[in-house]
Amino acid sequence: MNKKLLILLILVCFLFSVSVASAKIVRIGGVAPLTGGAATYGASTKNGCLLAFKAVNAEGGIDIGGTKYLINYIFEDDQGSPEVAANAFRKLIDQDEVVAILGSVMSKCTLAGAPIAQDAGVPVISPTSTAVQVTLTGDYIFRACFLDPFQGAVVATFSTNDLKAKTAAVIFDNANDYTKGLAEAFRESFEKLGGKVVAYESFTDEDKTTDFSAQLTNIKSANPDVIFLDAYYSAAALMAKQARGLGITVPFVGADGWDSAEFPKLGGEAVEGGYFCNHYSPEDPRPIVQNFVKKYAETYGQTPDALATLAYDAALILIDSLQRAGSTDGAAIRDAIFATNLECVSGQITFNENGDPIKKAAIIKVENGKFVFQKFVQP
Amino acid sequence: MKIIKNIINLIKKYYKFILITVLVYLLIEILNGTTPIVPRLLTRYYMQILMFALINIIMTVSLNLINGFTGQFSIGHAGFMCIGAYTSAYFTTILFKAAKMAYFPQLALFIFSLIIGGLMAAIAGYLIGLPTLKLKGDYLAIVTLAFGEIVRSIVRASDEIAAFLNRIGLINFSETIDKISGPRGLSTIPALSKFWLVYVISILSVVIMRNFIYSTHGRACLSIRENEVAAETMGINTTRYKIIAFSLSAFFAGVGGGLFAHVLRFIHPDNFSFIKSIDYLIYLYAGGMGSITGSILAATGLTILPEFLRVINFQQWRMVIYPLLLVILMLRKPDGIFGNREFSFLVPKRKEVN
Amino acid sequence: MQYPVILYKTVKIFFKKLGKNMTKKQLSDSINNNILNYNKWANWKKYVFISVIILFFLFLYILSFGIQSFLQQLVNGIQLGSIYALIALGYTMIYGIIKLINFAHGDLFMFGAYISCFLGNYLIAHNFGFPFIVVLIFSMAVTALLGMTIEKIAYKPLRFKPRLAALITALGVSLFLENFFALSPENVPFPLNKIVFGPRFLPFPALIADATYDIAGITINNIKILDIIITVILMILLQYIVKKTMIGKAMRAVAFHKDACLMMGININNIISITFGIGTSLAAAAGTLFALTYGQLQSPYLGIWPGLKAFIAAVLGGIGSIPGAMLGSYVMGISETFATSINSNFGYVIAFVILIVVLIFKPAGLLGKFTKEKV
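Chains as they are written, first to last, in this note's numbering: chain A, 1 to 379; chain B, 1 to 354; chain C, 1 to 375.
Excised from the complex, chain A in its bound form (with noise of 0.2 Å):
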């Protein structure tokens, strides 16, 4: 047992140095994967908070209370695992005592780090996790992203009204909850709007599967009059490639899941015109929009994706309720965030009473391997 003992007081010296060095500081966490399956993910989120506090302590930092903080953003890895996860809220929270979390990007990290920062009055921001019981944790959890039901809602209303379609297929991952509550959405609404999915077909966790040849020739033989194909970018790049591989010529849609700058390259032939929904339009002529597109290309050398979006947003709208809330507590923040009337990359963003953010989603299609603008739809 001695080996635990010194290893424990090794912990403990480490945890006053530090808390030492703190004066005008004021902490705020991140959680995501950078490492595991799911990293590249965590990197664009890590990106996206950054850019933003990094924009506000170049300006001498956040003004709390009447008195100027710099932003100290302390990062913590959770692989993508939720028992990992749930340590690294617990760390910020203990260790950092950080006054609020942006974070984790996938819905089962933030669900075992949510009730931690529930108990312990922190108020978490997950720029990502689509997944309904989030937010229901409690009243200090919050996102920063699309409902699953809002979004598969937009999908089906485009297809219906401007594709025209009366038959639809939807492939999804059903081992996400995001993909799967989207095909569950996307399916009811496309249902309610008239029309029919003739084929419902899913695989199993988009890490494990390359091969979606099994399930797209069922989808070819149900001839349907679009492909709703409901994965984040590299599947759904591969699912593209292997459809128009079978020789299935329908159109394609999907969900921000989609938005990358990869996406084109990993797709290439297969996703042209394909239509997708998103938070945002990279052409959208509000200073805000261009400017933080600008900034992220400069700083990173590449056009911002879905999660970077969301995460930048995240970080703007906890800096604005930090400022509004005058001081650390938080309640107080939490009471701001639910305050929230503010212009993000995404749109104006509302609260509604259980932290579900409140916007309107801009559909885009890929043309030239570039993004094009079509329209904003509010089903």
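These are computed hints drawn from the structure, not numbers from a lab.
Derived pair list, reagent style SDA-like, types lysine to any residue, alpha-carbon separation capped at 25 Å:
no., chain 1, residue 1, chain 2, residue 2
1, C, Lys156, B, Gly137
2, C, Lys99, B, Asp335
3, C, Lys45, C, Leu367
4, A, Lys365, C, Arg200
5, B, Lys194, B, Thr21
6, A, Lys180, B, Ile154
7, A, Lys360, A, Pro285
8, A, Lys265, C, Ile208
9, C, Lys161, B, Gly137
Predicted, not measured: the structure shown is a model, and the values here were computed from it.
Since the structure of chain A is provided, determine the placement of chains B and C on it from the hints.
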């Protein structure tokens, strides 16, 4: 009077063991800030890691029963954990709302649910063990792996399976399954795993498993490990003992899973993937096969190590350092840190013959 | 209420029978194998029975999905099986020689795919002729070097130590490879940031122009045909090396008895090195074909699941047996495809269910030999 005498005898016999467990507990409680003299040094972050470490001890020692002491090779331990976690969470979260109960009924319900979870896991262990324990070595390994993945996939597809059964009119339990919400993960589990409880249960589990190992049945298991054919020749029903070891191990894995669910308060099928089984395998072999001491120390150390690397701000590297240390350890000490050795307080004193 | 009772009774009888019959069956099998000159086709009734069941299911499938869909799925399944087979061949070979489940095999597969990706991009940018062949050979060579290095550093010192120590080391190597290469270059100091791949998704260069053929309503892709052809060629080549050449003979000898080999003057270190080289170069070939087929590299973790599935396929076919690995892979690929098309939720599980069922009835896999334990 006899009872008191017995207890005194027991304490005399095991005073070292009792002393050490009690002292460790007291030390942790003191560092936890229970006494007014010492400030709170162990934040809840450390307590949480310690709880995970204790659960991992249960898991590793129970895996040791199969892999270390009976000489079988199972890599599907997370499957049993999954069954235990979901069963006990079902009892405390869905069937009875433990969150709204008074303290003692809540505690009783929790312990009851842990035992039920363990039993369910043991039944699963029995069912999978019966037809497959005839398999040898790697074939058994791969079947247990398959079992773990099947359990996880069933939980994950539980809503679809329920809908399917409902459609063909067999059984209708869609509503219940909906509440378990397989692919989305079961949240709002009450935080019933208090530190003292996890501590006591893990000590109890380790003691029971240790006693099993040094009992007649345990000896039979050991003989299977050493030489199965010879054991059979000596009249030991090897299949029976393998199944006993398998079920017992599964039982404790189930209990560990139940505790895990109530520490994390959220369970998702992905918690219990193949990677998790591999983790326990690593803890086991790093500590030394067939050594309870090794399992305990390795499970504790390797649970703390990644978090320690996080605290010293090395998190980019921790998943690189961890396997590297493992490889170096296995190259330097192929039998694990402890090999077959044990701390003396874990080994019963030999009775003098004659 | 009667359904659960029936179910319970069936399960009970099933397990009862298994529990009683297995030892007897094994005993009779081993006696047949070793004492009486056992005729493989003696119990032809069993094979007929199994074939009838399979045909029945096929008939049901065709009835409900149509012949066209059936043939298309068959093609899909064979193609998926080929990818598994390529990985499984390397697995089974290494296992056959040193009885080590090389968990790092899936990661060497990943490494091969990344090497081909980088080299392929370079060659295409410089208008090099026949990029595919060059890339394939280069990546096989580099990965073989890495495989042999790993063997020298991590497995060789454990050769005469407990077998499981090597297994855990293999796990460690596997975790190390995937996590190391997944580090993002921005966060890594200088010399290493040139090596690591980063967690990003990479498009794989189109080394061969994609072409789709439509034969009687069944769509097939030229790359998929290539997969199948290369798999078959490599399997024949491998079988030739193992069965007909001196090195192959030495490999089989090492697999049979290491100490005797030492006495006969066979350099077992070299033989094991060569085995590793061949096995890992097969993994690299599989990686290259895999990436070419799907046109994308997901992350350095991409090797885990194909590797695991291929391992299961190898066990299914009888680990250590080269035709077995091939057969197991095709059985898995095809059954997975059909199961997925019937209900896509169960496609993932079906591999495992088939595995358990096969191993219950044939404990050494489809083509594996049941070795009697020596006392």
